[in-house]
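Novice: As a plain string of letters, each chain reads:
There are 2 protein chains.
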Amino acid sequence: MTRVYNFSAGPAALPLEVLQQAQAEMLDWRGTGCSVMEVSHRGKEFEACNAEAEQDLRDLLNIPPHYKVLFLQGGASMQWSQILFNLCRDNAHGDFILTGEWTQRAVAEAKRLLPLWGGSVNIVASSEDKNFSYIPPESSWKRREDAAFMHICTNETIQGLEYGFVPQALGNVPLVADMSSHILSRPVDVSRYGLIYAGAQKNIGPAGVTIVIVREDLLGKARSDCPRMFDYQLMADNHSLLNTPPTFGIYLAGLVFQWLKRQGGLAVMEQRNIEKARLLYDYLDQSSFYYSPVNRADRSRMNVPFRIHDESLNEAFLKQSAAAGLVALKGHKAVGGMRASIYNAMPLAGVQALIAFMKEFEQSHG
Amino acid sequence: MTRVYNFSAGPAALPLEVLQQAQAEMLDWRGTGCSVMEVSHRGKEFEACNAEAEQDLRDLLNIPPHYKVLFLQGGASMQWSQILFNLCRDNAHGDFILTGEWTQRAVAEAKRLLPLWGGSVNIVASSEDKNFSYIPPESSWKRREDAAFMHICTNETIQGLEYGFVPQALGNVPLVADMSSHILSRPVDVSRYGLIYAGAQKNIGPAGVTIVIVREDLLGKARSDCPRMFDYQLMADNHSLLNTPPTFGIYLAGLVFQWLKRQGGLAVMEQRNIEKARLLYDYLDQSSFYYSPVNRADRSRMNVPFRIHDESLNEAFLKQSAAAGLVALKGHKAVGGMRASIYNAMPLAGVQALIAFMKEFEQSHG
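Protein sequences, first through last, are from chains A and B.
Residue 1 is where the first sequence starts when you use our numbering, and the numbers rise one by one after that.
Residue 1 is where the second sequence starts when you use our numbering, and the numbers rise one by one after that.
Relax, there's no trap hidden among the hints.
Note that identical chains are pooled: a pair holds if it fits in a single copy or bridges any two copies.
No farther apart than 25 Å at their CA atoms in a straight line, the calculated lysine-lysine pairs in the BS3-like style are these: (1) Lys130 to Lys333; (2) Lys44 to Lys333; (3) Lys319 to Lys44; (4) Lys221 to Lys111; (5) Lys142 to Lys130; (6) Lys319 to Lys359.
Hints in this document: simulated from the structure, not taken from any laboratory.
Start from the sequences, fold in the hints, and give me the full structure.
Specialist: This is the structure we're talking about:
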């Protein structure tokens with residue numbers, strides 16, 4: 001077996017220990033004589049697995065009891081619609097902060113649906129003027145007091161931006177956050193949010209599970225034309241088992257939660273993630289060969305886009321890094337250059353190996 | 001390792017060979033140095049995996065080229081809404097044949113949504129009068145010529161009913177079929193259907209993947225308020241990769257498709273399934289201790305509900321069968337008694353072991 005250092009933005013690397021456990025119990029899970037994929041979601045074994053995963057996530061994020069935890073399907077992209085069907089009756093307005101590709105897509109769906117229902121989209125602030133290289137300062141935001149929600153993406157995977165603060169919505173407007181690409185990388189004060197959502201395939205588990213953490217008072221308000229499987233209230237009432245859930249994905253996410261607990265929890269992970277990110281950004285900042293296109297204060301600890309001043313070297317960089325066992329470093333086509341995604345599962349040694357390679361590459365091409 | 005004979009209705013048993021392959025390549029898939037869960041869905045390895053899975057499914061079911069194959073999320077339950085958002089503009093009518101729990105639930109969703117859009121639900125026929133123990137004869141059906149679709153469930157998992165014929169919709173009304181619990185168990189003339197859908201967790205792969213096979217002329221007709229991720233046309237245009245798909249589930253379904261091809265394809269599987277089902281039903285029919293509650297002509301080859309005349313013995317039966325390594329035989333609460341689900345992955349030896357146990361149990365309790 002030759003494992004590589006995998007810098008994929010998602011689906012992304014998983015902790016080796018987790019994969020080894022899944023491998024070991026693939027044919028006989030918890031003494032059932034079956035794979036976890038083969039047991040009923042209504043049986044006591046899977047119900048326990050589901051409940052443990054929820055409890056471990058609650059422990060890790062210190063989720064208050066008046067928040068529901070849902071394991072859903074469809075990815076964060078499905079949530080862009082699902083949130084609207086759950087939080088917006090007719091004539092509802094949605095506040096959005098535009099900071100990159102993912103918020104652009106969320107806005108596009110709201111701009112399509114809300115006007116059909118007599119509502120509208122309000123762009124509170126945007127950093128599109130500078131190619132989404134910064135988080136607009138909160139002092140410039142134009143919030144609506146009557147918004148049904150205010151939506152942010154706390155970490156833009158493609159642009160590599162991360163919020164260093166929790167914004168304040170006006171009055172009782174619930175703050176809705178897409179945390180797909182940095183959830184579980186640091187402690188979060190969940191009580192500041194009305195709803196948090198995240199696709200699993202970056203820092204949680206395999207693609208096909210979406211986590212929604214939602215304050216109870218936001219439940220039970222779905223539109224009458226809300227698809228039944230979209231209704232957060234129904235899902236909450238059924239502990240996410242309204243219909244057959246993605247059992248293997250929930251199981252594997254549960255193994256990741258247990259792994260995080262063994263590491264010492266999110267405060268420990270945050271320290272590791274700060275160290276990994278600092279190492280890489282410090283190296284970029286002292287280099288005259290590479291650079292980071294992102295405003296320093298807003299740089300993501302998880303997704304680190306970087307460029308070579310001489311773009312003609314990109315292809316050689318990607319080819320040689322892959323050959324050296326450092327894979328999936330190509331930047332998203334919307335940004336170009338390179339991107340290293342260094343989620344929880346990326347060990348410090350992986351970042352060190354990347355920097356060592358970058359130095360070598362600079363020496364031979366600089 | 002002690003593997004059991006697993007009669008779960010779903011998530012259900014998977015072929016042992018498939019699990020063993022998934023286990024063997026869990027840490028290094030196709031030489032990537034990563035698990036299949038850890039690679040980008042946009043990378044060439046996963047795109048090839050996705051395309052192979054689609055082609056193998058096309059080969060197995062002999063799907064005509066003017067049908068699209070989609071790998072979606074959310075289960076068959078999500079399709080109850082998704083079909084409506086895709087096929088029903090305002091004032092649309094849906095035809096349904098009621099044959100059990102699953103069609104009841106599909107009807108409930110249509111009865112909720114269609115009237116909001118000025119449309120209605122038409123129950124073409126129902127076997128509710130006899131506890132869903134038969135398929136209503138086609139001669140009694142009251143179809144609408146102006147229906148947006150006619151919906152059937154070709155195998156009712158809970159009641160254990162299976163269509164032995166392909167019904168005829170009127171005029172150009174597309175026939176929509178939920179085949180979740182018997183897809184791939186027999187050849188199907190796909191060209192008779194407008195849309196076929198199936199949750200994976202019975203005869204395809206792990207929960208979390210839904211297959212939709214849809215005739216091209218039914219695409220591009222989604223309602224304006226259709227959630228973006230629901231739009232079949234968009235999914236088809238993107239080969240199901242509009243957003244991150246459930247990569248592990250598609251991979252595993254692909255392994256099942258390859259396994260089916262190695263067995264000789266669906267004609268061979270049908271012969272095996274006929275043999276397994278005949279063995280079990282013949283035994284039930286000659287017994288004065290057990291019985292099948294289902295009309296003979298309409299009995300499912302996949303899901304075999306059965307009862308003991310003396311219901312007080314149910315608990316002992318379930319306890320002792322489980323102890324003998326024959327698990328998940330409890331009937332659904334809507335029907336009671338027992339149910340043996342004998343999908344493709346259940347070998348003949350498993351059915352023989354069940355019958356041997358049933359004989360023994362009858363001898364000691366009869």
